[in-house]
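Asker: Here's the letter readout for the chains.
There are 4 protein chains.
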Amino acid sequence: MTLLADLLSIVFERRYRKSAIRKAKDGRPVKELASDLVGSTGEVSGLAMADELLTRFDMMDDESKLDFFRHIAIKMNIDPEAVRSTLYNYEQNPSRASYRAFMTAAEPRRQELIRRLNEAQGATGALVQMRADLLRLGKGEPELEALDLDFRHLFVSWFNRGFLIARPINWESPAHILEKIIAYEAVHAIGNWEELRRRLEPIDRRCFAFFHPSMPDEPLIFVEVALTKGIPNSVQGLLAEDREYMSAEEADTAVFYSISNCQAGLSNISFGNSLIKQVASDLSAELVGLRTFVTLSPIPELARWLKQEGLEWDLSHPEQMSATAAYYLLNAKRKGGMPFDPVARFHLSNGAIVHAICANADISDKGLAQSGGTMVNYLYDMGKITQNYEHFLTTQKVVSSSTVKSLANSCSILQVQKR
Amino acid sequence: MTLLADLLSIVFERRYRKSAIRKAKDGRPVKELASDLVGSTGEVSGLAMADELLTRFDMMDDESKLDFFRHIAIKMNIDPEAVRSTLYNYEQNPSRASYRAFMTAAEPRRQELIRRLNEAQGATGALVQMRADLLRLGKGEPELEALDLDFRHLFVSWFNRGFLIARPINWESPAHILEKIIAYEAVHAIGNWEELRRRLEPIDRRCFAFFHPSMPDEPLIFVEVALTKGIPNSVQGLLAEDREYMSAEEADTAVFYSISNCQAGLSNISFGNSLIKQVASDLSAELVGLRTFVTLSPIPELARWLKQEGLEWDLSHPEQMSATAAYYLLNAKRKGGMPFDPVARFHLSNGAIVHAICANADISDKGLAQSGGTMVNYLYDMGKITQNYEHFLTTQKVVSSSTVKSLANSCSILQVQKR
Amino acid sequence: MTLLADLLSIVFERRYRKSAIRKAKDGRPVKELASDLVGSTGEVSGLAMADELLTRFDMMDDESKLDFFRHIAIKMNIDPEAVRSTLYNYEQNPSRASYRAFMTAAEPRRQELIRRLNEAQGATGALVQMRADLLRLGKGEPELEALDLDFRHLFVSWFNRGFLIARPINWESPAHILEKIIAYEAVHAIGNWEELRRRLEPIDRRCFAFFHPSMPDEPLIFVEVALTKGIPNSVQGLLAEDREYMSAEEADTAVFYSISNCQAGLSNISFGNSLIKQVASDLSAELVGLRTFVTLSPIPELARWLKQEGLEWDLSHPEQMSATAAYYLLNAKRKGGMPFDPVARFHLSNGAIVHAICANADISDKGLAQSGGTMVNYLYDMGKITQNYEHFLTTQKVVSSSTVKSLANSCSILQVQKR
Amino acid sequence: MTLLADLLSIVFERRYRKSAIRKAKDGRPVKELASDLVGSTGEVSGLAMADELLTRFDMMDDESKLDFFRHIAIKMNIDPEAVRSTLYNYEQNPSRASYRAFMTAAEPRRQELIRRLNEAQGATGALVQMRADLLRLGKGEPELEALDLDFRHLFVSWFNRGFLIARPINWESPAHILEKIIAYEAVHAIGNWEELRRRLEPIDRRCFAFFHPSMPDEPLIFVEVALTKGIPNSVQGLLAEDREYMSAEEADTAVFYSISNCQAGLSNISFGNSLIKQVASDLSAELVGLRTFVTLSPIPELARWLKQEGLEWDLSHPEQMSATAAYYLLNAKRKGGMPFDPVARFHLSNGAIVHAICANADISDKGLAQSGGTMVNYLYDMGKITQNYEHFLTTQKVVSSSTVKSLANSCSILQVQKR
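Chains as they are written, first to last, in full-length UniProt numbering: chain A, 1 to 419; chain B, 1 to 419; chain C, 1 to 419; chain D, 1 to 419.
Extracted from the complex, chain A is given alone in its bound form (with noise of 0.2 Å):
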């Protein structure tokens, strides 16, 4: 059976690499190994020391990470001579050879490094890794921001839109990936398994992943979603312990109330807006009665965009929060003109608008503390999405519903400001 083969053999892969990866055998050092593999002529003996090379780096300390990295930033940069005659050449003779000539001295030959790593058995994983380390050591280091940028070069061609799978994740998921749910949530955490299941096991409530067929054992990212009746106004409710189920058939709302990225090393290789938009569709698909596609969103920066701005806020009038949070919403601009909050940034530039306002919708205290217990629906209307983000990448202007943009209107403290 073909599927049974499939498995088998990403099984053995992953089997191989696991205790390949575990002991060093090969005397050169690393640097001398990373030299030999990117002019390695076949793929024989490359496939081993790509093998040796990751299996020595994840052996490694930051002070060695880190000589590594620089290593390979500064010897295998391009030579600007090189690309230069090789330019030259092409300009006066432009053929295939010229033009590969060019092509070869314009690529550093890191990327080609990065690229022959890959070749061994589950190096992606490894890979995503060492991009994590690189992005936490070479901060402020110009060499160390340019190999970054190699990396993501060829990670967006790796972790193509149309490479990944959406997998639901549930209570039937195997238990080796919910405990990375566990880990990776990042908005709402989940304390343990029984939380988990509180949010995975009701016919209400949906999670879906992103996966990379060479990282099987690895969500990329990954969104939770509730099935209600109307669109919920605070988290609390969402995720309340003795709430009572809902068939999943009576819904009229998905209320994506949690989006995670899981991995450090794809950092900027944005899935989100796939993810959300594919989880849109499939739901559709299957519940006919879904009209409303809906976030439940934080607003992270409230609190410092305040701060920044001198202004206080007071927990005791609700309203006048929400006035605010309205307000910073639709007006709060980082330098270049794009909203401040990354969150209003993500939902915007996907195509959503600022829905409305929740008052004391998350009060834990990470809720409190960053925006006085305030949250946000960002409203999918999947009609008119396209069209929602063209106006938005275009003008920057944040749009909302009518209630939004009054409540921001109302907001009296920041009007004096403004003044």
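Quick caveat, the hints were computed from the structure, so don't treat them as lab data. Treat the hints with care, since some could be wrong.
[Stated by the list, open to error] DSBU-like, lysine-lysine: derived pairs with alpha carbons at most 30 Å apart:
| # | chain 1 | residue 1 | chain 2 | residue 2 |
| --- | --- | --- | --- | --- |
| 1 | C | LYS31 | D | LYS384 |
| 2 | D | LYS333 | C | LYS31 |
| 3 | B | LYS31 | B | LYS65 |
| 4 | D | LYS31 | C | LYS277 |
| 5 | D | LYS180 | A | LYS180 |
| 6 | D | LYS333 | D | LYS384 |
| 7 | B | LYS139 | A | LYS277 |
[As the list claims (entries may be wrong)] Here are some, though not all, of the chain A residues that point toward chain B, as calculated from beta-carbon distances under 7 Å:
| # | residue |
| --- | --- |
| 8 | THR55 |
| 9 | ALA123 |
| 10 | ARG161 |
Only a predicted model underlies this, so the values are computations on that prediction, with no experimental measurement involved. From the three backbone atoms N, C-alpha and C, an ideal C-beta is built for every residue, glycine too.
On the provided structure of chain A, position chains B, C and D as indicated by the hints.
Answerer: Showing chains B, C and D alone in chain A's frame:
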């Protein structure tokens, strides 16, 4: 169950693509679509445009395809001035930003176009087909040959060894895969389903293919294996209708008797080496009795070479044919010093050696025409592969068994000719 | 992954059986093995004996099989004295122990034998084959016909509807399953793989089969479905090589145009009813446009009945043929009052009604010979199935559309004959 | 893909059942439903009635369940007169028809009822649950104990060894299966998910369960295995939190340290023997270094037996405890001659022997209470299993290693007592 989910999503995605790709929905000219796609800032309309463009391309005649290729080859090429100035800036002030600007300038926008096209569901197969068209139509045009290098550059990343999945192909495989095996077999043609069954069903026969997760219905390359006692010396014997089957456990030899590439659009992206090694490794693990890994290979260019050298052959003296073949394999070179014979180049570059010459080993019309029926066993000695191929790639010297060496030395006619 | 494990174990078990069944290892005569197996106190040697016995039976000629059947039919029959005395004890003193003694006495030991044989891995298929042999060889011998009832009694439990799995069969199904579809098609023969493809691959064709988890390679029964607009009136139209395909979403009618039982050894254990209902339910869920579920069925006994009644037919008057067929379906009865026609009995017992007569609907040799090319549409009105079949089973009255009723009334020849 | 289809249908069927079983739709009293179901002539309304009856039963309180059980036990019992007269007819005129009449009369109609109930999708699990209720409620009532024999008779057919599927359970298994492992572990309790992980995830630990295809979410029995070097002599060592893991390839011994039955409703239908043999065989195939298959088993009835014999024990003399345990295992018998200890009966009946006594091997409260912490290794010598169990079942003699024999002989207190 996650696995179910995987399949569902894969199946869904293919279905979606199938129907989506059929109808053009967007009035924009294709060239405009291409520009807009590269310029598109968000995923939302990008996916729709990619889909549309692939659909439209698929429906074009060759004339229009050629026109499209020329358009993107020329209009989306690098801008040498931009390369030079960004390079200069980078040299003056190496930073993440200046490096990024150089990267962007040094990569033609058509690469970004291909990457964005690949984001559509199931687009990978369509792009492989597009490159097949390009190779067919673009021969001799420097701009199109350069464009092909861009396709190739991206395909090397996407069809990375680490992303490929080796699957056994057998009589329990899906019919729509098996019919492709019939269609793609390039060495010893398969006439119908009964012949196919004789190659797949017997317990002493195996077949393996590489697949890419984004093209689950399309084998990329496959190898057919016979399990035997001793090294076989004719393909007639191997494929005889009435031969006796043997239990796989009794076999001491695995014979790779046919390797076929399936995708014209993946030309020059080599998988054969990896597949042979993977299969040898999997078979060794399964069947501990296997000692010898060997091919029974055609000598496709022997006749052509003899003709080119002005030599005649005489089918009535098989021993002379064998000596001639041995001489040819060890000594006939193309410009640059690599063996004249393409199959020899393939196996020798993989670390195999020339083990034995088999007269009258393929007496089909094709076999007689290309080599007077002579075939060759290349031997894969798993412990010496690395050493062999490194020796070969460094020295270009063909290593052979002493028997073949003697046979080559006994080749009188050619020795005369050499003087 | 549990799923992988499942498959592995299933595959393993089949392989194991395949090799195990080939070689007899135990010197005991088969009859002795049978006694020992029934007497065996533990599973350990029981499994080995069961395997051995099945292997040996498989290698027997018909003579020896018959001898074996007679042996167990007679030597492992009930002992009337034991039945009577345990029954008496149970009546006197009803208890778990006395009931158990009665149960044991009232069940012939050959049932226990069959159950123990079934414990061997993959034995179920071998036992189905054994019953096929029994049905073929045992006709007319009361002891063997009684033995068949024991097989049937156990098979009814083992092939319980709740254990069966409905699988779509399509062009992506494994070749070893598809070749069985070719072999087992009983209504409209499939000549080769190309014909099979025309029935499976088009988007407006479907095929479904029932499988038993212990015989995953053997379909038990399958039904072929055409999705159409309107009710078709000829099989030539349905199966035409050059017909236009239709998108499944546009279809308003699902036509069950062929139902084939696959296992002679499961004779009299009916699955057709369940399969039709399952398929109708699955298709309804998938394709919301479907309104009508109908068959296009042969009238296999029409010619035979006419001959039996001393009537002639005239192919040159199709309208007369239709009237005759209508009359036959509504009025011709076998002893006991059930319809004469076996296909009519099947569909009417499932709750269908006679909907329309189609002249010249199957002009193959077979179609012409059995019914002058006339066919019939039975209609499955999902809302009335229960009511229909209960009415039919109570009254044995054939329900038909008014058109068919008029047609039957117009049948002049037969009306004459009736007087 | 057939596999996909399988899963879909299984999943579908489970879903269907889940929702179907929740609401009663039919006004008829349950007893009437039961009669109608047995009398029902067609599948159509039969399935609906079966579904309804199971749903209604599930919602009953114990009182009503008991009432229902009594009803079918009495009203659907055999009719002795009918048995006698059909038996008489069969003797006079043995034929298919007369045998069939006898079969029908000799089988109580309640068996047919249970079979028909099982035709509903997913009914098997509901019937297992029904029998669990029966065993719980029916104790001591002869009619209900007899009814249980009918359940058991059918379950033996349905849970035939040939239908069971052995699956590995590991940290990649679905969470909803794993939570059942936590719940069902009967020997050494699993407190939480972390403890579960320690039993499943390490590379030197394994777990296997039997499943039935119609109850894919319910393990029937599972066994936990430790891979070790040498035979372990304490469960504390095996389960220590901080122990060092070992590569599975280095192990020479597989220790079955816990076997748990999961389904009260499958009481007296033994799978343990088959599971141990299957697992031993699978592990042998995977890990060629395994030489020894052994248990580390509790001695659950030692304390009870000592008390019954009026003997005292002294935990401060472990060597004395060991001798006592050895004596008990070899000599303590229940009525009929079988060993007093139920775990001993189980393993000895499977062909194991008493290999070694381990003092202080389970110092949990439970371990100390039932056997003063003493445990025992039963040895499965694969080559001698058949011989051992046949010897045991014939002679009821407990075979042990010479060490254990000496130990038993050294048991002074008991020898005194014996005199």
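Asker: With reference to the structure, classify each hint as holding or not holding.
Answerer: Results for each hint:
no. : hint                  : result
1   : LYS31/C <-> LYS384/D  : 26 Å, holds
2   : LYS333/D <-> LYS31/C  : 37 Å, violated
3   : LYS31/B <-> LYS65/B   : 11 Å, holds
4   : LYS31/D <-> LYS277/C  : 27 Å, holds
5   : LYS180/D <-> LYS180/A : 21 Å, holds
6   : LYS333/D <-> LYS384/D : 24 Å, holds
7   : LYS139/B <-> LYS277/A : 41 Å, violated
8   : THR55                 : 15 Å, violated
9   : ALA123                : 5 Å, holds
10  : ARG161                : 4 Å, holds
Checked against the numbered hints given earlier, this structure breaks hints 2, 7, 8; the rest are met.
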